[in-house]
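2 protein chains.
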Amino acid sequence: MSTPQHVEADLGWALGRVTRAHLRTAELVVAGLPGGPRGYQVLVEAARGGPGNQLALAQKLGVDRTVMTYLLDELERAELVRRQPDPADRRARQIVITEVGRERLCELERKLRGAEEELLRPLEPAERVTLRALLARLATDAGGPSDACQVAEELKRC
Amino acid sequence: MSTPQHVEADLGWALGRVTRAHLRTAELVVAGLPGGPRGYQVLVEAARGGPGNQLALAQKLGVDRTVMTYLLDELERAELVRRQPDPADRRARQIVITEVGRERLCELERKLRGAEEELLRPLEPAERVTLRALLARLATDAGGPSDACQVAEELKRC
DNA sequence: TATTGTTATACTCTATAACTATA
DNA sequence: TATAGTTATAGAGTATAACAATA
Numbered sequence: 079m080s081t082p083q084h085v086e087a088d089l090g091w092a093l094g095r096v097t098r099a100h101l102r103t104a105e106l107v108v109a110g111l112p113g114g115p116r117g118y119q120v121l122v123e124a125a126r127g128g129p130g131n132q133l134a135l136a137q138k139l140g141v142d143r144t145v146m147t148y149l150l151d152e153l154e155r156a157e158l159v160r161r162q163p164d165p166a167d168r169r170a171r172q173i174v175i176t177e178v179g180r181e182r183l184c185e186l187e188r189k190l191r192g193a194e195e196e197l198l199r200p201l202e203p204a205e206r207v208t209l210r211a212l213l214a215r216l217a218t219d220a221g222g223p224s225d226a227c228q229v230a231e232e233l234k235r236c
Numbered sequence: 079m080s081t082p083q084h085v086e087a088d089l090g091w092a093l094g095r096v097t098r099a100h101l102r103t104a105e106l107v108v109a110g111l112p113g114g115p116r117g118y119q120v121l122v123e124a125a126r127g128g129p130g131n132q133l134a135l136a137q138k139l140g141v142d143r144t145v146m147t148y149l150l151d152e153l154e155r156a157e158l159v160r161r162q163p164d165p166a167d168r169r170a171r172q173i174v175i176t177e178v179g180r181e182r183l184c185e186l187e188r189k190l191r192g193a194e195e196e197l198l199r200p201l202e203p204a205e206r207v208t209l210r211a212l213l214a215r216l217a218t219d220a221g222g223p224s225d226a227c228q229v230a231e232e233l234k235r236c
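Chains W and P are the protein sequences, given in the same order.
Numbers 79 to 236, taken from our numbering, label the letters of the first sequence in order.
Numbers 79 to 236, taken from our numbering, label the letters of the second sequence in order.
These are calculated hints, taken from the structure and not from any lab test.
Copies of the same chain look alike in the list, so a pair counts if it fits in one copy or across any two.
Under the rule of at most 25 Å between Cα atoms (straight-line distance), these lysine to any residue pairs were calculated in the SDA-like manner:
#1 K138 x G127
#2 K138 x P200
#3 K189 x D219
#4 K138 x E105
#5 K138 x L106
#6 K138 x Q172
#7 K138 x T218
#8 K189 x G114
#9 K138 x E181
#10 K138 x V174
#11 K138 x T103
#12 K138 x R102
#13 K189 x P200
It should be emphasised that the depicted structure is a prediction, and the values quoted were computed from it without experimental measurement.
Modelling step: build the complete structure from the supplied sequences, incorporating the hints.
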């Protein structure tokens with residue numbers, strides 16, 4: 079057998095495999111989107127209307143501000159978001175989602191929910207609820223930037 | 079508040095945060111090791127004595143065989159593993175762990191277990207057991223290469 | 001003087017292709 | 001002819017530095 083003897087003890091191994099399995103399907107879902115998974119995160123934040131300008135957005139997603147420039151270039155070209163001058167600070171640009179972007183986001187979230195269900199299929203309904211709750215508690219306690227994309231970055235160098 | 083309203087529903091978000099939190103500490107642990115997290119995986123496989131040659135090792139870890147060459151160069155320079163000619167096939171090299179490598183691995187695994195405990199601290203003991211078990215079941219069902227490092231790669235482009 | 005955003009450049013990591021030696 | 005391993009090279013992706021506009 080190829081799985082280690084201490085499967086249940088090796089939390090990192092299990093976390094990695096489950097997260098990667100989820101990422102595989104999630105990346106398929108956002109494959110056509112400019113910027114991929116990262117572009118999706120921008121749409122989420124823009125739709126939420128939270129951190130207005132590029133710098134705050136970059137920090138929230140845990141990427142460099144120069145990366146955010148290129149990312150927004152792509153998303154704006156696809157008419158999914160717009161850079162709007164901030165009337166209160168003429169250096170800054172507010173990132174707002176377009177109508178097209180909102181529709182695209184809605185469709186993506188529907189598909190992503192489907193992917194989650196697929197991932198949890200091996201578990202009983204009650205177990206799925208338990209797992210979601212336990213992970214959510216750990217997640218809210220964990221520090222650092224609040225986007226999921228950076229995990230991929232760090233997992234890469236495993 | 080900065081956390082979304084639908085925290086419990088967003089499995090991907092929670093998985094990403096928890097995995098990244100784990101990766102942060104795990105990468106600190108293996109920081110001094112040549113190849114970082116990936117070097118650790120090689121040590122694990124070499125200690126287990128499983129896939130002998132470089133190609134099998136690369137496939138198991140989900141990396142290109144050229145990457146494995148550079149990785150083993152570093153690990154061999156640090157005297158943690160050795161390339162041994164395979165008597166059965168003179169093209170192939172068997173990767174064996176050294177005594178130093180075994181000691182280093184032992185120390186790393188001890189520290190990694192500590193990091194896992196730290197991650198699970200917010201949960202009750204019974205809950206920790208439950209989470210480990212549920213994740214292990216999902217992990218064994220999930221397909222793909224069996225190393226955790228690739229998750230980091232994919233999470234990066236979120 | 002500090003900050004937002006952009007651009008150009010350098011660096012890191014990975015994959016592709018070509019090569020040697022074995023099979 | 002195909003395979004294990006190495007090397008050189010090219011390609012993505014990211015960060016660093018310099019810049020313009022504004023605070």
